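Undergrad: For reference, the chains in residue letters:
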Amino acid sequence: MSDTVFDRYQARRTRKYLQRQEQTAHWLRGWRTHARRRLLVVLLGAVFAAMIAAGVAAAFAPTPGVLIFAGLCAIFTPVWTALQIVSERGDSPTGALDERELAQRNEARSLALTITQTLTLVPAFYLYLGSRWEWMDGTTLATSGSILVLACLLIGGCSATAVLAWTRPDPDPEDESDTYRKGTA
Amino acid sequence: MSPVKRGTTLPIHNRIGVLRAERRMTRAQLADLVEVNPQTVGALERGDHYPSLDLALRICDVFDLPVEAVFSRTEFGPLSAEVYRRPTTTEGER
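Chain order of the listed sequences is X and L.
Here the first sequence is numbered in this note's numbering, starting from 44 and rising by one per residue.
Here the second sequence is numbered in this note's numbering, starting from 88 and rising by one per residue.
These aren't lab readings, by the way, just hints derived from the structure by calculation.
Source: prediction; values computed, not measured.
Idealized CB from N, CA, C, for every residue including glycine.
Mixed in with the good hints, there may be bad ones.
Claimed, not checked - Which chain L residues stay away from chain X? Per the calculated CB distances, all over 12 Å, these:
| id | residue |
| --- | --- |
| 1 | V149 |
| 2 | L152 |
| 3 | A156 |
| 4 | S159 |
Stated by the list, open to error - In silico contact screen, one side only, chain X against chain L (beta carbon under 10 Å); selected entries:
| id | residue |
| --- | --- |
| 5 | D141 |
| 6 | E142 |
| 7 | A146 |
| 8 | E217 |
| 9 | S220 |
Here chain L stands alone, though its shape is the one from the complex:
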């Protein structure tokens, strides 16, 4: 699953499913663009396979996003909440 051969396997979370849905793209279309089997895209979305750096960069190129926007060591929250979250008011501002 992970290219790391020794030590603890750290998770690599991704937003591929959400980004694909935003662009109304099928797994087969994304797979075609990054030159992998559609089942591999499914495995990436489910977290069953962690991509190599090469594949990760190819996926980022398709979405035209930096790596940190697509992949992360920590779980992603909803994208809409990150973009449209209301600024929290602190006590001093009231």
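Isolated chain X (complex conformation):
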């Protein structure tokens, strides 16, 4: 059976993912523990909460709202990059995972999809209802609405990795042992 475009895309994605994983395997070693991963998730949660607040603030003062959101994006980028390096990723390609990892990734992604759909409904209704409020300027509504949509999409997009980082325990030392030790079985 010949490879379809999708198969070739998936194979390339898997190859690139494994290369990147090998490259970053020893980066941020101190941040790979369960407690540190949870700390990164909490930090990310705080940034997201501030982004939502910036979206609401933009409804009253658009320019400061946008500037605060831009500043939060500057904080988000390194925290999110660090979390992706130290944790199992929610966007891992299927070919790079075994059956247990795949099951865990799928559960996390299912939860992330629910979070994305539920959260994005809020700014969607806000934009619809806001378009009928005559006292609200259209530009201000679009600015605050787009910040809220972006924040909700970022939350949803990061949720799968955040769930995996939060739930995956520290590896058992025996999992990584190269030599058989008596009495370990």
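Go by the hints and put chain L onto chain X.
TA: Structure of chain L alone, referenced to chain X:
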């Protein structure tokens, strides 16, 4: 944990840890042979993950044993007791 989507999840006990110890094999070595992450072997041994049929058969191939010797619905007793258990004497034999 289990591939079963509906109904009660029945346990799948295994002897992977004992069989691995017998062969002085690390989790990483077994994981390499069956092409999974070493953490997955740990999860199987702890009963945190039930294997697919494909993975179960690959594990059995490594140990060169039938499925029923490695996996069971009921908890396994000590392997040595099963192999070397003294035949019980009944009243009639005395």
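Undergrad: Are the hints correct? Go through all of them and say.
TA: Taking the hints in turn, this is what the structure says about them:
no. : hint : in the structure
1   : V149 : 15 Å, holds
2   : L152 : 16 Å, holds
3   : A156 : 16 Å, holds
4   : S159 : 17 Å, holds
5   : D141 : 4 Å, holds
6   : E142 : 5 Å, holds
7   : A146 : 8 Å, holds
8   : E217 : 6 Å, holds
9   : S220 : 6 Å, holds
In this structure, none of the earlier numbered hints is contradicted; all agree with it.
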